[in-house]
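Q: Using the sequences and the hints given, assemble the complete structure.
In terms of our numbering, the sequence shown is residues 109 to 406.
Source of the hints: derived by calculation from the structure; they are not laboratory data.
Hints should not be assumed to be uniformly reliable.
[What the hints assert, rightly or not] Okay, the calculated beta carbon distance ranges per label pair:
id, residue 1, residue 2, range
1, Asp246, Glu341, 40 to 48 Å
2, Pro306, Asn275, 18 to 26 Å
3, Met355, Gly251, 28 to 36 Å
Every residue, glycine too, gets a C-beta built ideally from N, C-alpha and C.
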Amino acid sequence: MRSVNLHRRSHGLAHSSSSSSSSSSSSSSSRSSSSRLPFDRHMQSSRIHVVSCTASTDALKLPSRDSSDASTSINGSLVVRRAVLLGPIAGTLLCSSPANASLKLTISRKAQLKPYTLKAGHQVTVPDSWALAYDRSDKADLGTEAFFGNFNTLETLSIFKQQQPENAAVLSPEQLLQAVLAEQRNNQSTFGFDVVNPIPTARVPDAADGSPGSTTYYDAEYELAICRGLSEEGSAGKRRCVGPNDMDLQIVSRHFFQTFVLQGDYMYIVRGSATADMWSEVRPAAVQAVQSFRLAQA
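A: What follows is the structure in structure tokens.
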């Protein structure tokens with residue numbers, strides 16, 4: 109439960125009379141009261157009171173954009189906005205003394221999830237703000253099969269297919285994870301690499317058709333610092349991220365949550381990611397999207 113402070117400028121009507129007042133003053137006061145009476149009634153009908161209130165509310169649920177949408181919904185990131193309260197908001201108002209201030213309101217936003225069945229039959233559910241850029245899962249080629257993203261906020265989800273390591277059957281989950289991450293870790297554009305859980309978490313979810321599953325998926329989380337230009341060795345052996353005209357470019361940190369699964373001769377890798385500074389807000393949606401992935405029924 110969150111508390112917010114609401115302050116209002118006093119709009120009370122002054123009603124005063126004095127037996128010693130002149131008839132002119134009385135007439136003026138009467139006209140002033142009459143002219144402000146409709147506003148007073150409006151204030152009463154709107155329940156906007158001349159007080160300082162503490163509004164204690166549960167997380168506010170915003171209506172979905174399509175109330176008929178039967179897709180699953182999850183709690184998304186907290187949205188903080190400065191606003192002025194124009195009428196009652198869900199919750200209890202505990203009122204005290206008048207003052208002037210604005211309202212800092214914390215709202216829990218619900219993100220709608222949209223299910224997809226890819227051309228190869230794989231299933232995945234992603235936030236509806238993440239568009240499907242392409243689906244090549246019906247091709248025999250290795251590499252990226254499908255790519256989703258919110259390209260305004262740089263949140264992405266990608267699905268890869270690659271050949272299994274030759275000795276995959278005898279590798280431990282930790283060794284399999286090292287094989288999965290080797291390309292990114294060893295890439296020349298990688299300036300930093302930190303694996304949150306070196307031993308991946310194994311899970312056996314239900315199959316795509318809802319029947320009890322028998323396939324193991326392995327989850328892991330890591331952070332990657334990436335150079336968007338060329339990596340060069342500078343003075344004292346220090347690496348530089350270099351762009352056009354020998355300009356130093358900013359190194360970008362991205363956080364990833366991924367799952368990988370073996371099927372036949374292939375390994376499928378699903379990665380959700382966002383910039384490191386946005387990860388705390390994006391993580392719940394990214395994790396749920398990644399863990400929603402199901403291979404096509406063999």
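Q: Each hint: holds or not?
A: Hint by hint, here is what the structure shows:
{"no.": "1", "hint": "Asp246 x Glu341: 40 to 48 Å", "result": "43 Å, holds"}
{"no.": "2", "hint": "Pro306 x Asn275: 18 to 26 Å", "result": "19 Å, holds"}
{"no.": "3", "hint": "Met355 x Gly251: 28 to 36 Å", "result": "31 Å, holds"}
The structure shown violates none of the earlier numbered hints.
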